[in-house]
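A.B. asks: Can you make the complete structure from the sequences, with help from the hints?
Here are the chains, one letter per residue:
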Amino acid sequence: MTPRLEAFGVTVVPDGARHPILSEASLQVFAGEVHALVGPNGAGKSTLFGVIAGDTAATAGEVRLDGRSLGGIRPLDLARERAVLLQQNAVSFPFTVSQIVEMGRTPWARTPQEDEDAEAVASAMAATDIQVLAARTIPSLSGGERARAALARVLAQRTDILLLDEPTAALDLRHQEDVLAIARRRAAEGAAVAIVLHDLNAALSSADRVTLLSGGRVVASGVPADVLTAAAIEEVYGQAVDVFPHPVTGVPLVVPRR
Amino acid sequence: MSEVVVPTPATGRTSRFVVLTIGLMLALIVTVVVSLGTGQYPLSPAEVVGVLLRAFGIDTGWAPDAATADGVVLGIRLPRIVLGLLVGAALAVSGVLMQAIFGNPLADAGVVGVSSGAALGAAASLTFGIAAFGMWTTPAWAFVGGLAAVMTVYLVSRSGGRTEVVTLLLTGIAVNAIAGAGLAFMTFLGTTSTREQIVFWQLGSLNGALWQNIVIVFPLVMVGTIIAFAVSRRLDLFALGERTARHLGVRVELLRVVVIITVALLVCAAVAFAGIIGFVGLVVPHLMRMAIGPAHLPLMVTSVLGGALLIAVADLVARTAVPMADLPIGMLTALVGGPFFLWLLVRTRRRSGGWG
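In the order they appear, the protein sequences are chains A and B. Here my numbering is used: the first residue of the first sequence is 1, the next is one more, and so on. Here my numbering is used: the first residue of the second sequence is 1, the next is one more, and so on.
By construction, these hints were calculated from the structure, which means they are not laboratory data.
One side of the interface only, derived from the structure: several residues of chain A facing chain B at Cβ under 8 Å:
id, residue
1, D55
2, L76
3, V84
4, L86
5, S92
6, T96
7, M103
8, T106
9, P107
Cβ atoms here follow ideal geometry from the backbone N, Cα and C, with glycine treated the same way.
C.D. replies: Here it is, written out as structure tokens:
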């Protein structure tokens, strides 16, 4: 199987800096899979995310989408292939929630898919539990509600590649689980999902594949239970942990040793 | 997804947009007719309409027989009012455009110094007696000055796709200061007649508008407004931040350049023959946004009408407030716009809990 989104030996050296903040990082995101990017603060997760989203130019290496170089794809064509959720989702003017979600349909304007607009918006709002907020303006919402509105916009874009940067960060427990369930469901429908996560237990329970970064390098990549071992986590995070199977599901659980 | 799909509820903003648009159009027509009939040679609204219709070859019998009426309405008052409508529309649209790319509702041609830059360009062409492009010389130089100013503000004040209020206003102060120094220097260098012209630019006035000016201003405003309408949906996406706009398919760098050039085009059209009329680009989009929300296409439509209406009313006041005198219209808009601006600043500060 060929990956939908693939990074080869990506190195990023910021302007004026001597040392790379990301070195020789490679990543393969396959259709039908949730791929989690994990690692401590400053490990290079956001940089790698920026590179595969097309925001950050790689100093060396390349990113390919379905085998085509990312830089050679028009922004509009790219927007019909992949949707991106960033951590920062500030909105400059008091648009309503439904207007924001409708913006996710913009790439499909004047295409046959335009007919799906209303249905895509409504189902995205239902999936993120924000229908009751439809007429509210963004500045009147809480942080978690704004994050869900932004996620709904990304879902309304209806692309089969989803890039989500810490989508659970601002959310309460139930909405965190909702977001992970949405990511799983989209993958089950055939989408390739790359998701930056801080919560290792979420990565273990929701991801098909995990890439662990540390100090700007990819430490390991593979099935979550193989990558996120007690020894690897301790090595990368500098924190002793116990990893043991959940008594019911058998999914490994990470608990810091206190 | 198996959820029952319910259509998103209509917010009532569409109907408010229709009502507002019709209301603004009616107010504009009434203001124009009243303004055409007001002055040292008064005419009733019916007589004004009669004169206008007769100019189009429709004889109604409402128009007075005196040829003076035609001369006053068509030769003096109409060009002045038409120039005012064009200038008002241009300034309001330039305000919407700047607020969109700066991601900041306080951006305005006057506040950030684009108008001063354009006035400096125009004054330079006059002082140095440059006439390279015939009657297009003054607007061309105003365009260069305005473009330089808006580029400067843009490059200096933005970071990460947004502009903080403080940075924007401080950059505006600096650009206004530089342009002001340039204008002072031009005043110093100039002859008595160019000095008068420069003072006129600084105050802003529609006095002495000619049909020849409108021949130049009209196409500039039309082109600028059409571009603004064409990019309005993309400007909505700009509100999400530049990265997200790009993820939704917007060619951000190209859009930015197009909008900056369009702003310079609209401001040069406004400033070239009417001088600096401040705060229109600030007040009008703001009021419209409060009424119908921030979506840019309806905002552009209502701002065109609102800007034209504001200048038409201000000009009527400028001509009639003091008998036998013609007040500078820029002074009037500043008189209304200044306090409005202060109120916006106070409100912004209260909302964000500081200068953000």
